[in-house]
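Novice: Relying on the hints, combine the two individually framed chains into one complex.
Heads up: the sequence lines are chains Y and G, in that order.
Here the first sequence stands for residues 1 to 81, numbered as in our numbering.
Here the second sequence stands for residues 82 to 511, numbered as in our numbering.
I should point out that these hints are in silico values taken from the structure, not numbers from a laboratory.
All values reported here derive from a predicted model rather than from experimental measurement.
Keep in mind that a hint or two might mislead.
[Unchecked claim] Taking beta-carbon pairs under 10 Å as the criterion, some of the chain Y residues facing chain G (in silico): (1) 1; (2) 15; (3) 25; (4) 26; (5) 36; (6) 50; (7) 54; (8) 58.
Where is the CB? At the ideal position from N, CA and C, for every residue including glycine.
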Amino acid sequence: MSSYWEDAFSEAEIDADEIERFNVVRGDDGWDIYADVGGEMVSIGDTLDDEQMEDLFWDDLYDWAMDNDVDIDRTMEYAAD
Amino acid sequence: MILSPLPLRDSSTIHAGYMDARGRVEGGRDIVYTESPALLLRMAMEFGGKAWFSRGNASTRWLKFDIAGTTYYPGAEGVTLESVEALSEFAARRNVRLGALPGVAFNLFRSTLSGSVEVASRGDAIPQRYPRGPRLHAAPGVYRDCVSYDLRAAYLWSIGTLKMPVAYCLPTRMNLAELVSLPGSFALARVSFNRKDIPFGILPSLTKQGTTAWVNKGSHTLILTGDDLAIAHLCGAAIRIDKAWVGVSFVSPFESFYELAIEMRSTCGALGKQVANMLWGVFWAGGANVWEATFHKGSRKFTTRQMQSREPLSFPIGATVLARIRSKVFMEGVSKSSVHVHTDGVIATKPPLLSYGNEPGDWRLVGNLNECEVLAPGWYRYREGDKETYKLAGRVASRDAARRIFHHRREIWKQSESRKFIHPANMDTV
Chain Y
1 MSSYWEDAFS
11 EAEIDADEIE
21 RFNVVRGDDG
31 WDIYADVGGE
41 MVSIGDTLDD
51 EQMEDLFWDD
61 LYDWAMDNDV
71 DIDRTMEYAA
81 D
Chain G
82 MILSPLPLRD
92 SSTIHAGYMD
102 ARGRVEGGRD
112 IVYTESPALL
122 LRMAMEFGGK
132 AWFSRGNAST
142 RWLKFDIAGT
152 TYYPGAEGVT
162 LESVEALSEF
172 AARRNVRLGA
182 LPGVAFNLFR
192 STLSGSVEVA
202 SRGDAIPQRY
212 PRGPRLHAAP
222 GVYRDCVSYD
232 LRAAYLWSIG
242 TLKMPVAYCL
252 PTRMNLAELV
262 SLPGSFALAR
272 VSFNRKDIPF
282 GILPSLTKQG
292 TTAWVNKGSH
302 TLILTGDDLA
312 IAHLCGAAIR
322 IDKAWVGVSF
332 VSPFESFYEL
342 AIEMRSTCGA
352 LGKQVANMLW
362 GVFWAGGANV
372 WEATFHKGSR
382 KFTTRQMQSR
392 EPLSFPIGAT
402 VLARIRSKVF
412 MEGVSKSSVH
422 VHTDGVIATK
432 PPLLSYGNEP
442 GDWRLVGNLN
452 ECEVLAPGWY
462 RYREGDKETY
472 KLAGRVASRD
482 AARRIFHHRR
492 EIWKQSESRK
502 FIHPANMDTV
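One chain only, chain G, in its complex shape (with noise of 0.2 Å):
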């Protein structure tokens, strides 16, 4: 695929402006960034309109509402008037016009081209082959002392630092050494996880209870990148390489992006953050499930419709982004003692020994935790003094429900027989 520069085009300005959660608009009302949709819905039904969300595996994410005339954008954390400002002007500084938060990090990727790129695109690769759920590990049980610490701005640091070929050939053998020694590269593998619970080093077996990495049991063929397969190898997995998609001649397109990213983070607030950490989505979301919402103005009912789903933008990136994460973090941050394991962040007893520091990719001490118990990947609760906090797989809940939905999951597993090998594709995602 090209990736090309942002064209020249009419500089007309994009008036700007913030909601906030009692419907007060403050700035410009072309477009209007806000946290919750939940406002937005409500004046959908009552003067009419349209938007669209994406829905995963119980989840739904509001991506856009047209009301009156006006676009509202939902679901900016801890978005304020002066950060939509900062964010406006950071982004006419480079001809980009704001609009949806990961088209306007597209846009300031692209205008941080001096030129054309081109980089290498999916080939034949299936990438519905490609496991995409992002938890790696958890190990039931009640644990004291634990500590808990992620990387920074992780999907930033892995576009931004991301070196892409420019083609992929595919040779006709390729054994696993050399394929996992060859940056960019991936493969259609059958993975196999049929020896039970032997010891691999530091690292867990990915054949334990709660794992939910790619597969834990029994055999598979996955498009996998060669980080992943690294890590598939040394927690104990058989592979089979059945294709291989060898990157040559690299090239480094969101260098400049990298630094321009944590010029925003540090000058646009919170706004600047999440834009910055959106880039890598754009490549990848294109399969995502999208549905358009029809309302009619007083009525509490709204009509839905599914949109034809497209591919990812670039299978390649995508994959190569959340695969670097991944081995980071394993690689790295878990060890024996790793009780809970996310997408970019650990909990453990015992961690091994990581220099923390502030910059994107750095690890960050997140807390020192009195007890921690973990149900599930995504399902734990820990105490940190006195305050005791519950994760239900990115359920928002006040702490009374959350305590009493978290008992009742616990119930429910305790007696569930199935809980002993769950695959990634029956648990929410995070």
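Chain Y with its partners taken away, still in its complex shape (with noise of 0.2 Å):
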């Protein structure tokens, strides 16, 4: 994990060991992380473009989630059709 999110995780004063699951929230301007610890959600990390979500969360968070069986939730949109 880089230090972009263990200094994330030190300002929102959470412990990455407790984290139960990452929720991603895709926004016009970005993306938002929340990590649930323990029922609690915290915003974590800046609002990540598209270029920062690649670098800092699919090639760097996602891998040390999926490597210490931390959830990734999707956050789903209704459909019309």
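Specialist: Below, the structure written as structure tokens:
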């Protein structure tokens, strides 16, 4: 895990070992990541643009989550048809 | 259960509006529809408030936010101010106030009833034994020249044309052939897949790798509708019926709503299509896992607590609507050449002869694919001309990231022996 996330966890005052899942929410201006720590959800890091999302999330935190059995929730949107 | 008409009530207007992705609200502010919950989460952390979300297997759906006296409903795909205004006017003509979209659908349905209608309740059937997994079949591999097709407005068609029994009788003896010939019936059945890869006509064997219909190995005791049992039987399952609920005296409570919904689809844009498709979920979604989130002003943390789940409003309606879609997809759309089958759509190398149409329940040609690679249910990629698309069981990612995740998942599954038999309970839900 990169120092970006170590700093983000530290700033959010959460212990990485206690994270149960990440929730990824897509907005118009980028991606927000939330960590679920025992029922408390914490916004971690900044809003990431597509490039940052690839470097910092998919290439970094995603692998760490997979290795540590941390779930990654996607956010569902309704479909019209 | 009794389905009753919408009572006449105070017709005070709800002023509904629309919020764009930058937080600009147009129209009314009593309730506001928007697409993504991302901005609402940020607003809730800034101003405080409450929100509700449902959590499935590896997915979250934000349902509603209360922030500073305004109620926001995210997840309205393709919503515009025009579609909000059109829906508001459409609903007001029927004395229906806007709110959560499933609730709007339910009240529009009630507005079409001229009197109370009784439909059968589930009796002593246990809904938890009904397999909810929507996926049907995936044949891992890389295929050239495929066709992708699906059912238009599948859920609207299924509920709109549904005939429901007024009551169920419980026969002491019932064989499979009798049961599947009786519409609206369902059974507690022991379903076994013990034979190996026996060809069953044009339908894929459910014992094959990647299939996630209900069960694909061993024996399981399930609640299944007549449509489900017919498919399982035709795909090679051995079935023993332990108990049957057979419908008697049928009514068509959704007929008028179906006509109304078709009108709504044409006059209220994407929002109208969503509402039209949501009625089924009202009867089925009661068992969803709903959580409440509490936000405190200026804090980046929020607490969540699981709310008490309740049973689906009507298990027979919900299960029958689902099963009718499965049945239509399997009986009409699936063949030996199907490589991926999901809730209401199929990808096949040689599709069966289908007539495409524009009405709900008609087949629609989605695309001609130059190449399609299937990993597992919900996980596939396809190329149409120069355009490559990745499907990651509902995950949204930019193209490069999607490619990476797909390749990553492919490597994991290549190494995993457990992939031979993927049970729906272990799969993500699309």
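Novice: Of all the hints numbered above, which does this structure not satisfy? Sort the numbers upward.
Specialist: 1 and 2
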